[in-house]
Structure formats: C-alpha cells, structure tokens
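S.K.: One-letter residues, chain by chain:
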Amino acid sequence: GNSVTQMEGPVTLSEEAFLTINCTYTATGYPSLFWYVQYPGEGLQLLLKATKADDKGSNKGFEATYRKETTSFHLEKGSVQVSDSAVYFCAPPSAGRRALTFGSGTRLQVQP
Amino acid sequence: EAQVTQNPRYLITVTGKKLTVTCSQNMNHEYMSWYRQDPGLGLRQIYYSMNVEVTDKGDVPEGYKVSRKEKRNFPLILESPSPNQTSLYFCASSPRQGAYEQYFGPGTRLTVT
Numbered sequence: 011g012n013s014v015t016q017m018e019g020p021v022t023l024s025e026e027a028f029l030t031i032n033c034t035y036t037a038t039g040y041p042s043l044f045w046y047v048q049y050p051g052e053g054l055q056l057l058l059k060a061t062k063a064d065d066k067g068s069n070k071g072f073e074a075t076y077r078k079e080t081t082s083f084h085l086e087k088g089s090v091q092v093s094d095s096a097v098y099f100c101a102p103p104s105a106g107r108r109a110l111t112f113g114s115g116t117r118l119q120v121q122p
Numbered sequence: 002e003a004q005v006t007q008n009p010r011y012l013i014t015v016t017g018k019k020l021t022v023t024c025s026q027n028m029n030h031e032y033m034s035w036y037r038q039d040p041g042l043g044l045r046q047i048y049y050s051m052n053v054e055v056t057d058k059g060d061v062p063e064g065y066k067v068s069r070k071e072k073r074n075f076p077l078i079l080e081s082p083s084p085n086q087t088s089l090y091f092c093a094s095s096p097r098q099g100a101y102e103q104y105f106g107p108g109t110r111l112t113v114t
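Chains A and D supply the protein sequences, listed in that same order.
According to my numbering, the first sequence is numbered sequentially starting from 11.
According to my numbering, the second sequence is numbered sequentially starting from 2.
Take these hints with a grain of salt, some might be off.
What the hints assert, rightly or not - Only part of the chain D face toward chain A is listed, based on derived beta-carbon distances under 10 Å: (1) 38; (2) 41; (3) 65; (4) 95; (5) 101; (6) 102; (7) 104; (8) 105.
Unchecked claim - Stretches of chain D that chain A covers, calculated by requiring three or more beta carbons in the stretch to come under 8 Å of a beta carbon on chain A: (9) 18-25; (10) 68-75.
Said to hold, decoys possible - Cut-off 30 Å, straight-line C-alpha distance, at most; resulting in silico cross-link-like pairs (DSBU-like, lysine-lysine): (11) A/59 with D/19; (12) D/18 with A/62; (13) A/59 with D/18; (14) A/66 with A/87; (15) A/59 with A/87; (16) A/78 with A/59; (17) D/66 with D/18; (18) D/58 with D/19; (19) A/62 with A/87.
Since the hints were made in silico from the structure, they are not lab data.
By construction, the Cβ of each residue, glycine as well, lies at the ideal position given by its N, Cα and C atoms.
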C-alpha cells in the first residue's frame, strides 16, 4: 500500500532559522498532497496543499513543492518563529486513495 | 463557524464500561472518519463513513463500533473498553470520500484503567 516517510523529530531550531522537513511518499499516479500541523492540545489543521505535480503550496510562510520525479513534498520555511512549534504531518493518499495517510509526524521545537 | 466538534474532550473510565464519543460537523460533509493517535504510530484510521447508513472499517477497527444515522453525526462506541484503547481520538470530515482535505475535531483523550 501507499506509505509516507518523514524525518524523525524532534527538530530543534533557533528563532529565524531556516526549516526543512523532508517527506517522501509512495503512490500511484499524481494525487493531491497535503501538509497538516498540530499545535499543542489541538487537532490537526490543514497547513497547505498541492493538487498536481510541480505545484507549490504555501501558507503562513511555509512552502512545499510537489516533485513527481523524486516523489517528495518537503516542507520549508525561511524564518521560523516560536509560534511555529508544533507537530507537522505530511499526508499523501492511502492505497486506493480511500483516504489520507498520516505518518507519525515531525515535532518542531523553536527556541527564542 | 465551520467546525467539527467532539465530546467529551477528556474521559477516564474503567475496563468494560461502555462509552460513546460523539462527533458532529456543520459543513454538510458526506465523509467522516475516526482516527486514534498514539506515540510513534501516528494517526491510524478506525472507521469511516461515506454517507448516511454507510460505514466501513479502517486500519484498526477491533473493539470499536460506529453509526451514521444522520449526516452531521458520527459517534464512536466502545462497547467494552480495554486499557489498550487508551489513546487520543480524532474525528474528521471531508466533502467526499478519497484523498481530499479533511477537517479535524479537537480530539478526545481517553484513559481506560
């Protein structure tokens, strides 16, 4: 079935540092891809999405480009803030595209 | 405000005592789903529903039941809870089935002793 691989956390950065969280996936075809964010004590929220190959999704200073050649959808931000501390989930489709696949997520800790 | 609500947010119970976690969405979504989140395992789907009276098993359905009598509600039922069902539970909804954007509730933290 489909799967997703994310870098393990926690990722600890200082404020204003550059962030990259790697995500690679297996899927048939070119499905929509999503990044979700979970702030402490809350449910998951959609952060950004890309609906086709070579699309770039962006929101709140975060960006991710849908790379079909490498089946990757890495999340980046040029300057992180303490308020970005959260768990980030890359979510490609599950096998048969019945739903989305959520891995274990990557915890980001930003220090002042 | 468009949202998915869950109740209760926190619950501590004992083994074998039946419980229900409610989930409701006000976006007229057809697709609803339940997940559990455990450390190191990410989110795993328990059950999902494509529409009223249509439900199906996800990846970890054992020990759970669901029903979908109304479009907006999708309760999760634990007939005889056990300690291995201690987890953080999320309900989610989506406009339709498939790999589409999902909207999540705030979560229910369940402890079974």
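S.K.: Is the Cα-Cα distance between residue 18 of chain D and residue 62 of chain A 30 Å or less?
M.R.: violated, 47 Å
S.K.: Given residue 38 of chain D was flagged as interface, is its beta-carbon under 10 Å from a beta-carbon of chain A?
M.R.: At 8 Å from the nearest chain A Cβ, residue 38 of chain D passes the 10 Å test, so the hint holds.
S.K.: Can the hint on residue 104 of chain D be confirmed by a CB-to-CB distance to chain A that is less than 10 Å?
M.R.: holds, 8 Å
S.K.: When the nearest CB of chain A is found for residue 101 of chain D, is that gap smaller than 10 Å?
M.R.: holds, 7 Å
S.K.: Given the hint that residue 58 of chain D pairs with residue 19 of chain D, test it: the Cα-Cα distance must not exceed 30 Å.
M.R.: Holds, at about 20 Å.
S.K.: Given the hint that residue 59 of chain A pairs with residue 18 of chain D, test it: the Cα-Cα distance must not exceed 30 Å.
M.R.: Judged against 30 Å, a Cα distance of about 41 Å means the pair is violated.
S.K.: Would you say the segment 68-75 of chain D counts as covered by chain A, given the rule of at least 3 residues with C-beta under 8 Å?
M.R.: Check failed, 0 qualifying residues.
S.K.: Starting from residue 78 of chain A, check that the Cα of residue 59 of chain A is at most 30 Å away, please.
M.R.: holds, 14 Å
S.K.: Given residue 41 of chain D as an interface hint, is its Cβ closer than 10 Å to any Cβ of chain A?
M.R.: holds, 6 Å
S.K.: Checking one constraint from the list: CA of residue 66 of chain A to CA of residue 87 of chain A, max 30 Å. Satisfied?
M.R.: Holds - the C-alpha atoms of residue 87 of chain A and residue 66 of chain A are around 13 Å apart, at most 30 Å.
S.K.: Compare the distance between the alpha carbons of residue 62 of chain A and residue 87 of chain A with 30 Å, and conclude whether the hinted pair is satisfied.
M.R.: holds, 21 Å
S.K.: Does the interface hint hold: is residue 105 of chain D within less than 10 Å of chain A, judged Cβ to Cβ?
M.R.: Status holds, d = 4 Å.
Of the numbered hints stated above, those contradicted by the structure are hints 3, 9, 10, 11, 12 and 13, listed in ascending order.
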